[in-house]
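S.K.: Taken in order, these protein sequences are the chains called X and G. Going by our numbering, the first sequence opens with residue 1, and the numbers climb by one from there. Going by our numbering, the second sequence opens with residue 1, and the numbers climb by one from there.
A portion of the hints provided could be inaccurate.
Derived Cβ-Cβ restraints for the label pairs, each shown as a range [to be verified]:
#1 G:Asp21 / X:Gly148: 48 to 58 Å
#2 X:Ile228 / G:Gln128: 31 to 41 Å
#3 X:Ala93 / G:Gly58: 27 to 37 Å
#4 X:Ala93 / G:Gly19: 20 to 30 Å
#5 X:Leu71 / G:Asp21: 28 to 38 Å
Not the full set, but computed from the structure, chain G residues with beta-carbon under 8 Å of chain X [stated by the list, open to error]:
#6 Thr59
#7 Tyr63
#8 Ser64
#9 Leu73
#10 Thr75
#11 Tyr77
#12 Pro79
#13 Glu82
#14 Asn87
#15 Pro89
#16 Leu90
#17 Pro101
#18 Pro107
Over 12 Å on every C-beta distance to chain G, these chain X residues come out as not near it, computed from the model [claimed, not checked]:
#19 Leu8
#20 Phe12
#21 Leu67
#22 Leu71
#23 Val83
#24 Gly96
#25 Gln135
#26 Ile137
#27 Leu152
#28 Ala156
#29 Pro164
#30 Ile183
#31 Thr199
#32 Phe232
#33 Ile240
#34 Leu262
By construction, these hints were calculated from the structure, which means they are not laboratory data. Just so it is clear, CB atoms sit at the ideal spot from N, CA and C, and this is done for glycine as well.
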Amino acid sequence: METILEPLQYAFFQKGLLVASLSGALLGFIGVYIVLRGMSYIGHGLSHSIFGGFAAAQLFAAQFYILGAGLWGIASALAINTVAKKSRVGADAAIGVITTASFALGVALFAKFGTSGPSFESALFGSILGITTEQIIGLLAVIVLTVGFVFLRYRALLFATFDPDVADVSGVKVNRIEAMLMIILSLAILATLTVVGVTLVAAMLVIPAVVARMLTDSFGKMLAISTIIGTFSGFTGMYISYYAGVPSGTMIVLVGATIFLLVLAVTGGRGLKRSVGLDAH
Amino acid sequence: MTGTGVGPKLIEINGVEAGYDKSVVLHDVNFHVHEDQFTGIVGPSGAGKTTLLRLLLGTVKPYSGTVTNMQGLRTAYVPQLETVNWNFPLTVSECVLMSRPTKRKLPWSTQPERDEVTAVLERLGIAQLADRHIRDLSGGQQQRMFLARALLRQPQLLLLDEPTSGVDVSTRHDILHLLADLHEDGVAIVLTTHDLNGMAAHLPHIVCINHRVIAEGTPKQVITPPVLEQTFGARMEVLEHLGMRVVVDEQPEHKGSVSN
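With the hints as extra help, turn the sequences into a complete structure.
M.R.: Quick look at the structure:
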């Protein structure tokens, strides 16, 4: 009990724990749609792309860097979505070029001009230090937007995720839904970037969703289980990060990976069989 | 079986050129779908069968010419089985329900919606599979589930892409009879198939295409050696068996191989 209560006396840890748990929940929730659409690579690329926007926005408009990085992220997300849909050959290569170029730009800008916000290492691997109330409010706003979108467009989103071609001819505005999903994904990455870190966000999008898929054949249950695993990973990872003295993102991801291994050991071939096809584009 | 198309027009394709990424797949296509039509689009791989289906669906836009739909036309589409991820976490009833048009904003289904799903699954003989995961169905059951999903939209026109591809002979018969029943119930049907003997010869109306419409009419009018040679680029023989046309490959040394 002492182990749990001791760090809570620090305000920075309270905020960190809250943001890490909420981040895990958000990424676990939205990750179900990303993984089932075979977009895991896009999530990975997008987080790197946003890092470029993060660095550039700090340089040109430090006080609005979240806004700038958000716009950069949304533009990247829509560009990636367009490339992924329209390119018959080499979509992965195109995404790789767009996002890694953006990431390289971010690294160069950080190296040359430094930062007025989070440190380079914090941006890459996550940090519990310096979380502001504004960031918490921003994260809550993205959660409300995400849950609201999924709640109100549940059936159309499910149809567009499972069978976009038929959904399109059945009256579902697939392009609009996909664009909205990409915007929400970029906002979710931006809002969780400070705690989980750019390089590790993709793992938190993918791991809870894959584990949830291994545990259930029901879409509704997969959403719930993935959210719970994400929350648990964020919560537990923060504590381990505090005691181990390592970046929070690394421990959050390692907790998720440990859960994956445990579930794999329990479900064995049955779980793996369920997760087959999650990388299909 | 009627179905050669004499009722009111649902879709008119006139003088259409269409394709993808500026390459032309279909040239000068004129094709009309009538209210009572039951048509098979036949042709070799890459001939433009699916492109013609997509023109009817409206997901491919013509480079030139016109595609005109009857106002308020309700169309439903059954894709090829391999186009979806069968490991997706869905039960049969969840999959069917997703196509139901609704203005409802809540995620969960209502009792009347569930009753509608049960009724359409019963009609297709798979009500007992409602709670089963979609991966655990046979090819024929998966095809029936897709049909159920399409029928929940109460379509006037049903479009199917290779509905008998990859299914066994018995399932092919089942699907053919099922489609015939739906047609009897007043649903216009257009499907693509490369299966001349198993599918096309049983349909009341066939369109042969190879980048353009080669011929259209009843099997008796269309399944002829000259039309087949123009369509498939190979010589074939046509035999009569129990009043049906049967196509066999014509081979110089060993005749008698039945064609697909």
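S.K.: Look at each hint and say if it fits the structure.
M.R.: Here's how the hints hold up against the structure:
At about 38 Å, the beta-carbon gap between G:Asp21 and X:Gly148 misses the expected band of 48 to 58 Å. The hint said 31 to 41 Å for the Cβ distance between X:Ile228 and G:Gln128, and at roughly 33 Å that hint holds. A beta carbon spacing of about 31 Å between X:Ala93 and G:Gly58 agrees with the range 27 to 37 Å that was offered as a hint. Checked against the hint of 20 to 30 Å, the C-beta distance between X:Ala93 and G:Gly19 comes to roughly 25 Å, which is consistent with it.
Between X:Leu71 and G:Asp21 the C-beta distance comes to about 31 Å, which sits within the given range of 28 to 38 Å. Contact between G:Thr59 and chain X, as hinted, is supported at the beta carbon level, the nearest pair being about 6 Å apart and thus within 8 Å. Hint on G:Tyr63 is violated. Least Cβ distance to chain X is approximately 17 Å, over the 8 Å limit. With its C-beta approaching chain X no nearer than about 22 Å, G:Ser64 sits outside the 8 Å limit, and its interface hint is violated.
Evaluation of the G:Leu73 hint against chain X yields a violated restraint, the C-beta minimum of about 12 Å exceeding 8 Å. Satisfaction of the interface hint for G:Thr75 is found here, the shortest Cβ-Cβ separation to chain X being roughly 7 Å, below the 8 Å cut-off. A distance limit of 8 Å between C-beta atoms decides the matter here; for G:Tyr77 the minimum to chain X is near 5 Å, and the interface restraint holds. With a cut of 8 Å, the hint placing G:Pro79 at the interface with chain X holds, because the nearest CB-to-CB distance is about 6 Å.
The interface hint given for G:Glu82 is violated, since its Cβ lies 11 Å from the closest Cβ of chain X, which is over the 8 Å cut-off. About 4 Å separates the beta-carbon of G:Asn87 from the nearest beta-carbon of chain X, less than 8 Å, and the hint is met. For G:Pro89, the interface hint holds, the least distance from its beta-carbon to any beta-carbon of chain X being 5 Å, beneath 8 Å. This hint holds: G:Leu90 has a C-beta 6 Å from the nearest C-beta of chain X, less than the 8 Å allowed.
With its C-beta approaching chain X no nearer than about 6 Å, G:Pro101 sits inside the 8 Å limit, and its interface hint holds. With its C-beta approaching chain X no nearer than about 4 Å, G:Pro107 sits inside the 8 Å limit, and its interface hint holds. Interface exclusion of X:Leu8 from chain G stands, the closest Cβ pair being 35 Å apart, more than 12 Å. Residue placement check: X:Phe12 keeps its beta carbon more than 12 Å from all beta carbons of chain G (closest about 37 Å).
The claim that X:Leu67 lies off the interface holds: its Cβ sits roughly 30 Å from the closest Cβ of chain G, which is beyond the 12 Å cut-off. A cut-off of 12 Å between C-beta atoms confirms that X:Leu71 is not in contact with chain G; the least separation is 29 Å. With a minimum CB-CB distance of about 14 Å to chain G, X:Val83 clears the 12 Å threshold, and the non-interface call stands. Interface exclusion of X:Gly96 from chain G stands, the closest Cβ pair being 22 Å apart, more than 12 Å.
For X:Gln135, the non-interface assignment is confirmed: its Cβ lies about 29 Å from the closest Cβ of chain G, beyond the 12 Å cut-off. The Cβ of X:Ile137 sits about 26 Å from the closest Cβ of chain G, beyond the 12 Å cut-off, so the non-interface label holds. Not every Cβ of chain G is farther than 12 Å from the Cβ of X:Leu152; the closest lies at roughly 5 Å, contradicting the non-interface assignment. Annotated as non-interface, X:Ala156 brings its C-beta within 12 Å of a C-beta of chain G; the closest such distance is 8 Å.
Here X:Pro164 does not stay apart from chain G, with its beta-carbon only about 10 Å from theirs, under the 12 Å limit. Separation of X:Ile183 from chain G is adequate, the least Cβ-Cβ distance of about 20 Å exceeding the 12 Å criterion. With a closest Cβ-Cβ approach of about 28 Å to chain G, X:Thr199 is found to remain outside the 12 Å limit, as its non-interface label requires. Under the 12 Å C-beta cut-off, the non-interface status given to X:Phe232 relative to chain G holds; the minimum distance is some 20 Å.
Listed as a non-interface residue, X:Ile240 keeps its Cβ farther than 12 Å from every Cβ of chain G; the least gap is roughly 30 Å. Every Cβ of chain G is farther than 12 Å from the Cβ of X:Leu262; the closest lies at roughly 20 Å, confirming the non-interface assignment.
Going through the hint list in order, the structure does not satisfy hints 1, 7, 8, 9, 13, 27, 28 and 29.
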